[in-house]
Amino acid sequence: MQKHIAEIYFSQLRGKDICDNKGRTVGKVKDIVTLWTGGLPMITGILYSEEPDKLIPADIVQNWDGKQVILAESSEKINITQITHQQLFVGKWLLDNQVIDLKGYKIVRVNDILLSCDEQDGKQRLSIIAADIGIRGLLRRIGLEFLASRLDKKYISWQHITPLEKKTGSLKLKLDKDRFKKLHPVEIADLLEDMDYDSRNVFFKALGSEQAAEAIGKLKENTQVEIVTRMDKKQAAELLEDLHADEAANLLREMPKEKAAELLQLVKKDKTKELKWLLHYKSDTAGSLMTTEFIRLPVTFTAGQAIEHLRRFAQDAEMIYYLYVTDVDEKLLGVFSLRELILADQEITLGALLHSKVITVQVNDSRKKVAEIIHKYGLLAVPVIDAEGFLHGVVTVDDVLDLFMVDRTLKASMSRYLNKRGLRRK
Amino acid sequence: MKTFRVFRDKIIVFLSIMGPGIVTAFADNDAGGIATYAAAGAKYGLALLFTMLLSTVCLAIAQEMSARTGAVTGKGLSDLIRERYGVKWTLFAMSILIIANIGTTASEFSGIATSFEIFGVSRYISVPLVAFAVWILVLKGSYNKIEKIFLMLCLTFASYAISGIIVGPSWKEVLIASVKPTFIWDAEFLLMAIGVIGTTVTPWGQFYVQAAVVDKGINASDYQYTRWDVLVGAFFTWLVAFFIIVATNATLYTNGIGIETAGDAAIALEPVAGKYASLLFAFGLLGASMLAAFILPLSTAYAVCEALGFEHAVSDSYREAPVFFGLYTMLVVVGAGIVLLPGISLYRIMLTSQVINGVLLPPILIFMMLIANDINLMGEYANSKLYNIVAWIFTMVLIALTVLLLVSAFVPDIFNILLK
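Chains as they are written, first to last, in numbering that gives the first Met the number 0: chain A, 0 to 425; chain B, 0 to 419.
Here chain B stands alone, though its shape is the one from the complex (with noise of 0.2 Å):
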């Protein structure tokens, strides 16, 4: 009985600090994140689907870390940067913040584009319309009263997992294809897998989650309990990932059709759905895609503001705080305006926002690996010896597969070159 009450009340505390790892993994599975998935799976089979449990492995490592560097120190990582490394180094951070996030919000905006377009209406009327209604109810503070039903939408992803299990694959294909290391050397396979690493761990989700813990005033001491929250949202964000690769595997992939654009994602979901595939998937893109057009801009707004010392603690008036407004607007301005150039394709944005992501990311990773190592910050919390070295690797490979991208991009035989 006193077991039971002991293990009872440890859930009980468990699900009072749970939310910042389990929230930031399921803001990964955005817009850009089921495009990318899909595309993976409709293209490549299940060859990524190692990659996808590498980068998972990679994302819990990235975000405990995030969130036990919050916990021990009560501070934001722009923060951080700032305090340990100044003025300079900030600015590069915040750069690539920005310019990772502008591509990421650009990348929700065509997610909002994509399902209207499944509803049948323009782009040029949908995003416009729904940036200024995001711009302005986030300034209003009535944000909140409508996220519910944007969470409720994304729950719709479900059937991914659904027609996976309806569609039937070789299970046991499936798992030795998600352990077996699988790498086909050609530039667009390599595009594809920085892709998925750039979708699942991103700049944005390290500084929103250490911000989330401090936010929550978790400590050092309620700590273990976040890990096991940052672990369980690393979980469900493989668990989509992996239904998304699997489903559009067998429904696309098998029968040789090719995602031109993002709405031939849902065709993964006849199986469910029928002829209603489409609208199903157009609700849940909508849905994820808003939850995060919403959190993004502000987010990164607020960190730069954070770590620059501007103005930010002020009533919502754009005299008082015009860094602040100025950054959140542009973010919001740029980000729709991308989607609205002439002949670009809304898919395309997706999966190059996710590559964006994942080529800015290793330097993100260096400070937060720098910052996580450091005694005289986090005392007995620091990195272990073991995590160092597999943390380490992590972006050494993923350094290697950017510059591999680059070279491949002047050097197109590099592929050629580098087999004999």
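Excised from the complex, chain A in its bound form (with noise of 0.2 Å):
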């Protein structure tokens, strides 16, 4: 039978005198340590003198809300533990650091810390329940919680915290894998720019290989090139071999030259020849926004054999709801849509269905231009060919959204008053 006796923070805990059940004074609450195996964490110790190891086990507490802890044993009969690897200490690992708030998405800091306090066949046991993030948690550290007594309390519910890996101290917390399987990339993307970089890498690990691609991909660019210059070599070629290749050739474009040459030489032959020949384009031109993942069709198939092609290649393009249509030598004929593709008769040939005035953009206009005729126009793609019509790739709406949306999150206007001050990192 479990019954819920009360709630305590943390903070409120920490300084209480420790009494044996004869009343005598042992120590005081310095610290508490938890065994954090998944659920809600259960405290298993009390670190209580100024030795850094020696734990009174919290099994023998009494009562843990009164003015004082009370032991259920008298001083002499205390079996003192020493911590092991897989306890972690509350008040120095977890209140005042940074966590993963799950739910929101975010890095938030530990304020202060809410326990419950249950009664379990006669022994009073504590659990961390909820972390308190708001100002209130804040005050209440400095006494002074009355000054806030009108704002809600701020809580995250344990559940959905996960702790950011630390590399430092005897302990290490383990991130749990499986529960970052459910995240949406952009989510995923929200938490790594929130995060220094040594958690950003650990994290990201964690991660699997497509879950990490689709992610980075969402990353601003120097966050991008951040983590992929300090992965190792193997495991950036691979990721370069995951991301769509318009966004691996802009990554290693804002990459150290030396640094790029190298992981291009570890990707696979196929994808390299393909990034090489992106990487001629000249940043920030339609050429290094484009994506050469696209569908390409010959004028001389049938409406019936390009559903055929689609059925088979349609799984590693990045755009297949305008499909293009050249001749013999790549230059671009004309274009229809996936709907017309469908509702088309599947013997008419493909340059009876086309429409032959396309609007494109040349291989070496700006972002801004590209930018403007999706916009004009609103397409969702736009062909990129070069003064003779030969069909380059292919601007997705999404590679220029970003200059429509002005990144006005305090965090990315912080980072540009900083970057600005000095020289952009190439």
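Simulated from the structure, these hints should not be mistaken for lab results.
Warning: the hint list may mix true and false statements.
[Stated by the list, open to error] Derived lysine-lysine pairs resembling DSS-like cross-links, with alpha carbons at most 30 Å apart:
# : chain 1 : residue 1 : chain 2 : residue 2
1 : B       : Lys87     : A       : Lys91
2 : B       : Lys87     : A       : Lys53
3 : B       : Lys87     : A       : Lys105
4 : B       : Lys384    : A       : Lys91
5 : A       : Lys66     : B       : Lys87
Predicted model, so just to flag it, every value in this text is computed and none were measured.
Reassemble the complex: the two chains are provided individually, in unrelated frames, and hints are given to aid placement.
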């Protein structure tokens, strides 16, 4: 039978006197340790003296929530234990540190910790139930909570919290990989942007390769470069293979030249060729923005053959809603939509189906011009051609969307202020 | 040929990483900096050149330490204080930062007011307008576009170097004064010395350089270049201060002209610009003050929110980030408001705020040193012994000077008593 007794804040518990069953003071609560194996972590011991590893086991505590922490045994009989590697200090490792809020997809700082005190078999047990991330928690720490008594308390349930892995100290907090599987790439990107770079690398390693590639595509360029530069080379090369070709090329373009060349050698042959070709285009031009993973159909195909072709190659294409038709020399002849293809008679040739007036951009057109054209004509994508009319690739709307949407988060603007004051990292 | 290529590659890496140290160092020569160095030269001639050299060494050490900590930990100074020392110490450090930066913001607005007064515009018109413009431009994010203009204006301070050279002081004397310890035992000199230190090494600069290093993603392996960045920056800070002192010494001190308002510091530019000296000065002061007025309140609010974990990763609406915008607005309004107090001397504000910065610096330095010595955090990049000795001596000296200053406020005769 479990009975709820009370809720206590860690800030209130810390500093309390510890008394044995005869009322003699044993020490003070310096910190508490917990075993965090999933679910709500149970408190397993109390650090009570200046000695850094010696603990009073929590299971001999009779009463947590009074003025003092009262033990069920006399001080002579206490079986002092050592901290083990699975245990972690709540005050030292969690309080004031940043943790991942898996529900809000952001990094938050723990201002206080809410503990639940329950009674089971006549003994009180303590477990962590929530992180207090609000102003009240902050003010409570300095004894001024009454100033904010009208504000709501801001908690995050501990079930939604994952620690950032620590590289320092004897204890390693492990990231729970399964918990990240449900996150959307954009949410992962948000989290990554918020992290410092040690945490980033660890977090990144915890992701599956496909998830990692998708998330990195959503990051800001300089964050991408930073993460990839710090990865080990083999892993970075694999990531480049998983990325869309245009994203991979952009990433390489932003990296220091030597590093980029080194990584390029490790990438699979067929991908290398494509990347090298993309790298010829200048930064921030249509050529650098475009993808080469799109559907290109010979004018001689019938609609039926085209659908067959789509079935085989659509999986790897970034854009399949606009289908581009070329002649044998790969000159762009026209375009039609997926809808038109599906509705068309199977026997009709593409030459009869296509619209020959195509909105295009030139290889060297600026990013801004590409964005303007996409915006003006309301397109999902625009083909990139050279002066002779050869089709080089396709720029999709998401590659220029950020020009329309100013990143207004304060972190981003702060970053702009800081960066603009020095040279841009290239 | 190969060595050349290696050398060239190193230069390229350096250029890509360069920035935080040099920028912070330049920002140190803001309105308060110019006023303090000019006052030092006008009042004490070359006597403070030695103090300037010392504080430059300290600037280099302090900035190097912050930059290294940022590179190794990937975290800002306020984050680290929070994680290592908890809420109370964080609030303490943040209060210091806020107070020091209100002072510095006020001094930037004094600089703005001074330059507008040289153009004949009353401070009661210029300050509210500029304060509002700064406030709105930062919130709208359109500040970057005009930043270059102010940077260009700052270049006019190069005219101090030209002026210093034209005046042609006895270089031998100048060099001796630069390295020969000089200390005049009176409260005014002490105040000036703390001001010179306080304007060179600022609490603000330490937070800023670390944030910038972290933001640039500079890590421990790139760090050797950042060290040069910081050292070059410190050298430039010294160079500007050096020439201002040399120029004001030659034009003001030797002719017995005291500085009453910041505008008087323009006299030191007459060898270069003749009757246009004050215009030249006004443009430079405006540029320097505006640059700092933009970045100071913003970076302060950011550091505080980051440390205390307030929402700051949201769009620019007051409702979503009340603490950030409240703090930011408060800094601009109070900073500008101080300048508008009836009968207050703009020049005094500039000098006093630098002294306040100097007095508030030691606690921040102590935090920095404790963190940079933490093996758990810094690993092999923790401070070396020699480094610690120099840094602690400097901190202690600064604390001693501050205590002496406080005592002299209550016991004006302290210097006579001490000297006997």
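Against the structure, the hints come out as follows:
no., hint, result
1, B:Lys87 <-> A:Lys91, "15 Å, holds"
2, B:Lys87 <-> A:Lys53, "26 Å, holds"
3, B:Lys87 <-> A:Lys105, "25 Å, holds"
4, B:Lys384 <-> A:Lys91, "27 Å, holds"
5, A:Lys66 <-> B:Lys87, "23 Å, holds"
Of the numbered hints given earlier, the model fails none.
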